[in-house]
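Engineer: Protein sequence lines, in the order shown, are assigned to chains A and B.
The first sequence begins at 1 in this note's numbering and counts up one residue at a time.
The second sequence begins at 1 in this note's numbering and counts up one residue at a time.
It is worth saying that the hints were derived from the structure and are not from the lab.
Ideal Cβ placement from N, Cα and C applies to all residues, glycine included.
Fair warning: there could be bad hints in the mix.
As the list claims (entries may be wrong) - Facing chain B, from chain A, some residues (calculated, C-beta under 7 angstroms):
1) Tyr53
2) Ala129
3) Leu145
Unchecked claim - Computed, partial: chain A to chain B, Cβ under 10 angstroms:
4) Arg119
5) Gly125
6) Leu130
7) Ile133
8) Ile272
9) Ile298
Chain residues, written in single-letter form:
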Amino acid sequence: MTAMSTPIERAPASRGLAGRPDVNRRRMARLGWGFSAPALIIVLAVTIFPIVYSVVLSLSNVTVSGNGISLGGATGSNYVQVVKNSTWQYALGFTIIYTIITVLVEVVLGTLIALVLQRLAAGRGWIMALLLIPWSMITVINAELWQYIYEGTYGVAGALFGLHDILGNSLQAIIGLMIADIWKTTPFVAIIVLAGLVMLPGDLYEAAEVDGSSGWSTFWRITVPLLRPTLAIAVLFRVLQAFGLFDLPFVMTNGGPGTATTSLAILGYKAIFQNLDFGTGAAVATTTALLVLIGCLISLRGFKIQVGKEGM
Amino acid sequence: MGARTRRGWRKVINGINFSAFIVVLFIGLPLYWLIISSFKTPPNLGASPPQYWPNPWSGANYAQAFVQYDFGQYFINSVIVTLCATALVLIFGTLAGYALGRLPMRGKFTLMVTLLIISLFPEIAVIAPLYTLLKDLGWLNSYQGLIVPYTAFNLPFAIWILRNYMLGIPKEMEETARVDGAGPLRTVWSIIIPMALPGLFTAGIFCFTACWTEFLMALTFNSADNYKTIPVGVATFGTALEVPFGTIFAASVVAVVPIGILVFIFRKNIISGLTSGAVKG
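All chains should be built: construct the whole structure from the sequences, respecting the hints.
Structural biologist: As structure tokens, this is what we get:
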């Protein structure tokens with residue numbers, strides 16, 4: 001680090017004399033890359049490399065033997081195989097519908113909760129702390145808890161609502177999964193939205209009140225448009241998480257009954273680690289990643305979010 | 001204030017209080033169920049109709065989690081992996097966040113967007129090649145086999161949060177340090193870090209939570225009993241035929257405690273991180 005620090009120690013003198021600002025700037029830039037290097041190297045090694053490798057795998061004839069995996073020639077057959085596969089088609093449909101419904105419910109419920117909390121006179125801090133518990137809870141634990149609630153013979157859902165085979169029935173299992181997800185992540189949305197609400201300028205509301213605007217129209221004409229960037233972030237986070245859905249169904253239903261709750265991530269995981277079909281697994285994984293990217297870009301555009309250029 | 005306004009006001013408050021009560025029930029009841037179930041005796045866990053209050057209270061599940069199943073070991077593994085990854089994320093993230101926030105580097109914008117995109121990638125996209133890589137390194141079933149991937153996956157978001165905090169620190173502070181002859185590392189240590197402390201807490205608690213709850217990589221890379229983390233341990237309690245819910249819930253309550261305390265202490269940082277850190281970005 002001494003080699004790096006010397007130029008900077010000399011820097012103020014040259015800068016003070018307004019002598020060589022470009023040289024100074026270059027030194028600072030070099031320092032910047034030096035400071036960023038450890039983070040960039042580790043991110044590169046653990047994420048970019050595997051992503052590229054995964055794409056290569058997905059485009060190759062992969063054979064798995066005792067000494068590991070070997071790559072054959074380039075091929076698109078993994079993708080053709082995956083796309084034609086009815087299990088993949090189902091998993092894609094399931095993941096998309098699951099994502100849309102849970103995110104929609106969570107955003108609506110989360111906004112309602114945030115609006116309630118904003119108007120709450122006392123105890124807001126305690127409820128916020130309570131809301132953070134499901135958010136920080138291990139998803140596996142959430143899955144086990146709801147599995148116990150849904151259990152056929154002694155589950156509390158059976159005792160209260162007479163539903164005795166929730167996880168054995170496809171539609172009920174899907175809804176049960178969604179409820180567990182909504183319970184865990186709605187608080188997260190509520191907190192984001194509440195923080196967004198608090199930052200909204202109060203004078204706009206006073207003006208609306210003076211103009212005789214009703215609560216409902218104030219909400220739609222002032223609150224919602226101003227909240228849009230906040231909602232966009234919440235939706236983006238949630239869409240990404242929901243699309244990578246793995247922990248919850250893996251523990252609660254293992255993708256069942258049948259393949260009813262098999263998400264893309266579960267399908268990819270099973271292809272890779274249970275069927276040792278690396279080529280197909282990589283194709284499933286890559287298509288999932290691609291869909292996530294497209295989804296992100298669409299939602300970012302839809303909400304007209306600028307990935308902050310300020311300060312760059 | 002006229003009588004009409006006051007009555008309207010009171011009506012809203014009642015409706016609001018009622019709604020808040022519903023929210024508390026919605027969030028609290030499953031938590032209540034988790035906690036009381038961990039204190040039921042194993043036979044009573046399967047009682048039908050279920051016991052809504054444990055009778056008698058029992059610590060058997062807790063004993064079983066720590067004695068029959070090696071939950072103590074899982075807990076230690078989780079603590080080691082999470083703390084190391086969080087420390088690394090904060091060290092590398094601070095340096096990179098400082099560079100990207102305050103130093104004149106070319107291509108910064110591209111770099112930030114690339115980092116953002118990486119942080120959005122689903123884990124499943126990298127799990128197979130990462131598994132092969134770790135296997136070749138002999139890092140399966142080791143602490144570093146989780147610490148390094150966790151560090152990499154949490155760095156992008158941490159860098160974003162930290163960079164945003166760094167942007168807000170006045171330039172004069174650094175100038176003064178430089179005039180005093182402090183080197184860049186020293187400037188970061190004595191000027192930048194104290195000023196960016198709230199950002200460090202925010203990035204730290206997010207990283208901690210993510211590592212503490214991570215399941216897919218932990219399941220894939222560290223399946224040996226000695227290296228299992230809490231989520232994997234909890235998921236693999238019991239057999240295919242019997243799920244020991246009591247043991248699972250006892251372990252769960254123990255697992256929720258540290259994160260619950262941290263989240264409670266740093267709740268303001270979490271909330272600001274979820275908004276300013278992300279939205280301003």
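Engineer: Now tell me if each hint is right for this structure.
Structural biologist: Taking the hints in turn, this is what the structure says about them:
1. Tyr53: Holds - the Cβ of A/Tyr53 comes within 7 angstroms of chain B, reaching about 4 angstroms at its closest.
2. Ala129: holds (5 angstroms)
3. Leu145: It holds, given that the least Cβ distance between A/Leu145 and chain B is near 5 angstroms, below 7 angstroms.
4. Arg119: holds (5 angstroms)
5. Gly125: holds (8 angstroms)
6. Leu130: holds (6 angstroms)
7. Ile133: holds (6 angstroms)
8. Ile272: holds (5 angstroms)
9. Ile298: Interface hint status for A/Ile298: violated (13 angstroms vs cutoff 10 angstroms).
Consistency note: the structure conflicts with earlier hint 9 alone.
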